[in-house]
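2 protein chains.
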Amino acid sequence: MATEDTASPTGYVQPTVDVEALAALLDGEYAPVRDLVRTNLTAYADILEDAERLGMDAFRERVRDVVVELAATGQTGMGFPKAYGGGGDVGASIAAFETLAFGDLSVLVKTGVQFGLFGGAILHLGTERHHEVYLPRLVTGELMGCFAMTETGHGSDVQSIGTVARYDAESQSFVLTTPDDQARKDYIGNAARHAELAVVFAQLEVGGEQQGVHAFVVPVRSGGQPAPGVRIEDDGRKMGLNGVDNGRLWFDGVRVPREALLDRFAEVTPDGVYRSPIENPGRRFFTMLGTLVQGRVSVAGAAVSTSKVALAIAVKYADRRRQFTAASDTEEQLLLDYGVHQRRLLPLLARTYALHFAQDAVRTRLHEVFSGGAEDELARRELESRAAGLKALATWHATRTIQECREACGGAGYLGVNRFAALKADSDVFTTFEGDNHVLLQLVAKGLLTHYASEFEDLDQRGMVRYVTGLAIETLLERTSAHKLLERVRDLLPGEDKWDQEAGLLDSEYQLAMLRFREEHMLAGVARRLKRGVDQGAHPGNVFSQVQDHVIAVAGAHVERLVLEAFVERVRQLPDGDEKVALGLLLDLFALSTIENDRAWFMEHGRLSGQRSKAIRREVNDLCRKVRPLASGLVDAWNIPPEMLRSPDLLG
Amino acid sequence: MATEDTASPTGYVQPTVDVEALAALLDGEYAPVRDLVRTNLTAYADILEDAERLGMDAFRERVRDVVVELAATGQTGMGFPKAYGGGGDVGASIAAFETLAFGDLSVLVKTGVQFGLFGGAILHLGTERHHEVYLPRLVTGELMGCFAMTETGHGSDVQSIGTVARYDAESQSFVLTTPDDQARKDYIGNAARHAELAVVFAQLEVGGEQQGVHAFVVPVRSGGQPAPGVRIEDDGRKMGLNGVDNGRLWFDGVRVPREALLDRFAEVTPDGVYRSPIENPGRRFFTMLGTLVQGRVSVAGAAVSTSKVALAIAVKYADRRRQFTAASDTEEQLLLDYGVHQRRLLPLLARTYALHFAQDAVRTRLHEVFSGGAEDELARRELESRAAGLKALATWHATRTIQECREACGGAGYLGVNRFAALKADSDVFTTFEGDNHVLLQLVAKGLLTHYASEFEDLDQRGMVRYVTGLAIETLLERTSAHKLLERVRDLLPGEDKWDQEAGLLDSEYQLAMLRFREEHMLAGVARRLKRGVDQGAHPGNVFSQVQDHVIAVAGAHVERLVLEAFVERVRQLPDGDEKVALGLLLDLFALSTIENDRAWFMEHGRLSGQRSKAIRREVNDLCRKVRPLASGLVDAWNIPPEMLRSPDLLG
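Line by line, the protein sequences are chains A and B.
Numbering follows our numbering, with no gaps: position 291 of the first sequence is 291.
Numbering follows our numbering, with no gaps: position 232 of the second sequence is 232.
Read the hints as simulated data drawn from the structure, not as lab findings.
The beta-carbon is built from N, C-alpha and C at its ideal position, and this holds for glycine as well.
One or more of the hints may lead you astray.
Calculated lysine-lysine pairs in the DSSO-like style (CA-CA distance at most 30 Å, straight line) [what the hints assert, rightly or not]: (1) B/K316 x A/K614; (2) A/K531 x A/K614; (3) A/K498 x B/K484.
Stretches of chain A that chain B covers, calculated by requiring three or more beta carbons in the stretch to come under 8 Å of a beta carbon on chain B [unchecked claim]: (4) 160–169; (5) 396–406; (6) 409–419; (7) 567–575.
The following block holds chain A by itself, in its conformation from the complex (with noise of 0.2 Å):
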């Protein structure tokens, strides 16, 4: 079926991938630090197998281990200073970590908990005094923390947890309470086992004057038993990575000096006097929340690896199983040579490269950010908001690919020896922890509708909903990016206003300004509503609960542009040849599909009549069959370690 395409009328020739050349592009300047992650996954290939073998304690103690062990290799360590025995880039910290997401998610779970929640707060919240009794023993993983931060009454909504944290100004410490069962810290990673730390975040009380959530460092455990004061209870078996021991902990008048509390945003002074450099509570606490940006860009770039090892295992063994006869009389046909498992994979396929480039891009910004040391206050902010967006959009990925391809290798991907069952179950959680996807895209659209505005931290749903109908529509589309950059459509396409239907289909400016009117008619059309329902006196939270399907579009709508644009950008530096026909070819199939998922929301809105809707629905389907025959050599192109695979029973 392919054949017929390697030479059409048009001129188009059908690539071949250069596997090399292609992983080579895609592992880019972290190649080193991957190939020493993939050496450190191919060592440690067993923990697949313990994962299953081994009793819930026993995996949980060759986890840690095996953390440890991968601690000393340099690997984990990479996003702390090198003056506490880190390697001083925060962007290979992240590529190390997306590329460890290819192995047992609980090892890499634990490796986020220790070293990016835990000691991310201490590096970050904290100052010299931390970094110096804390950071050196963190980096190797003898000091085992935990970050205490979700409760079982409060998970996305942080501002509103009830641990207290009183100043006693008289012994200078303070004291944590757990006021009550709804306030006790629950899901906390390395708390029922392994932690000595806890980065406790608590409501700090000075002078009998609440100031906000603020973070503790607290010792839990000492030689195995809990610290006085701290209960702790174990989250027991979970639906996956039960390698890591999520916990509960409980405070009862636990007290800490007053240097517990880490101070780069806020300290107590010894006589009790509360002192921030961000005068605004709201702007402080999300200041301290910003910090750890690195654990939703993280997760991003993981989800994209667990997706990236489904699609590996189902598009190899789909290129080697055959069921029923088909295109010949005597052979049964390959799985990947029909239509529809061609559709069920290769979109999938196209979207998982174009988050790829997308997560390139925000590790990018991430490094700049984290590395320069001017402090821009928007670029902090849609740094954050992107790493919201792409985290949810990954994630949900993730779990829809993970269970295509499993369906698509029938029942040998229900067994445990594949590799399916254990990605299925550890990667589940990824769409709700280090915040739910749909809290964050309630942020992301909240970044777009105040356009990132200094007040925007300090804005709850109703608090928005006032700022956004206190402004013209116009005024709050001018300062849109997407309405800068459709101003340039009509430079760019033919047809003027009929840019949508004369514009051809595979040309990228066409496909870049459908996602940009979409997002800027949607932004729009939120805003309007939401003007309607106060204007017609409804109460804020009442419209904004109506309104919140539309909200929570835009910003899925919003993160697709960029990342429709990351991949355009990517495409268009790379050199002529086939590794550009190739990635090209993907991006057609991303955007396309991407249009063709929401084609009822382009004809809705007049920007996609039948004809060209169905128009591309063929070329989706055309463009599949010119992907079929690289499917193989883009997988490859990943460069997962075989031993991560594991799919005897389908890949033989």
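Following the hints, position chain B against chain A.
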């Protein structure tokens, strides 16, 4: 939010739900057997903890014991003749299975393997001599067996399996051989540990002639040891269902007597003459498979029940969990009062109700076909098609619903102590076992395209293409039931050709007409594309591959139409009152969200304007708000034993 709707200007009065009355309506005629199963589920509720607590071996034994003990209560043998210790009621056996699916799914699947697949094969493919020898001990669970059809190399395409059964006239026996590893029986439930007998599907060879696939009773284990010539391997741990001992079987010249052939549809005389009342080999094969239709009806029902469990947890949680202040300045808002949360859960709730009633209809049909003496072939084929289609839609719905509900319960949903982990892992295989969903939908489409022609069973994909291309499109369409039903549209809806623009969105006739139009239009489109491809000289197999997504879409459209019809019919029969109003809301929500999901198609085909499409979106939102206050009652009416929800962290 809901109260503003209690008395609207349109005369709509918000109903209340009498949970007990609705529960009685849902349980219907099988209430007694369902209550027996509920009692048993509660008595054996510990099994949900056993699934986590016990190792795989111990859990398998426990599940076996429970299945045998359940058999003693009569609930698992309902479908067998009374003469052999059964209940003599096919419909009741399905109802019992559906209800059992509220509980641990290993118990369910082990029950299905023993009494449905193994017992069903003996009952439906065997004759009296098999019934007398096996059924009495099989019904009690004393004699365990397995159903050895699937092979490593062939799952969906059973006609191509490799196991051979050669008749040896001299010894009057069959010799079973596994020619290679691709022909080993695989994923066979009960095979790894408990089965003494296997119903083995193999290519029958008599006097050097191939007679196609037939079923044989083969002893595979005695005193815990494999029978001579039989090799058994354990499939090991699976993603879920680890209480079921799936395994692999190889046969090395295993000899069984002539009577081992299950000979309802074919016999071999002692001197080696093959005889069958069904001359056409393809038709014979599909007649044999057709008797196993109960398996698919059972899985469809089980999928609906697992969706109910997930929704019951998520809806009840969302009706008590508060997060963020929104509509009030002081009190946090219930999750279920957020627009997006309603959008996530309530259309799934409506679709679950719709599938419930569709399942009722298919179960009733099954009961009639299998209880009536008359052999109406067309009725049988239609039943097989419905069962296949509903199985596909219901199992995909379950996968999607469980995932959405898990995410809607956040981190708590990820803990093993709550129900989602087990639900998700155990139900995952539903979409690919008892027939891969895509293959099943192709079967449905084949039935539609050939109007269940007697040639039906003999047609492979290419045969179907040739058959269809031999018909005039008009002939094809005139035969379809959607066509006949669409002819009535003009009588029922105003506006003649503009019926789609002028009818009320909440008019069931409009909703039905939309789904009928879609089905008929798609069917004509598929037929045209097949014809065109063949006319242009392409290979029928290639033509099929190119049209395959369209083929599967038409099958989905057909089944959704049947589901809607079943729901409409059920609501029409109800006496006026709150139940009718409440179910009417769910019906509208199901119908309109189904149209909404495919609104792109309706716009592309001129049956929905952009404006009307947006109006449907608003109506769905409005219906969500109306259903919201009823949601808890609607899930309570499923009468799921509270122990089965097992979500202490979520439901308190």
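When the hints from earlier in the document are held up against this structure, which numbers fail? The structure conflicts with hints 1, 2, 3, 4, 7, although it agrees with all the remaining ones.
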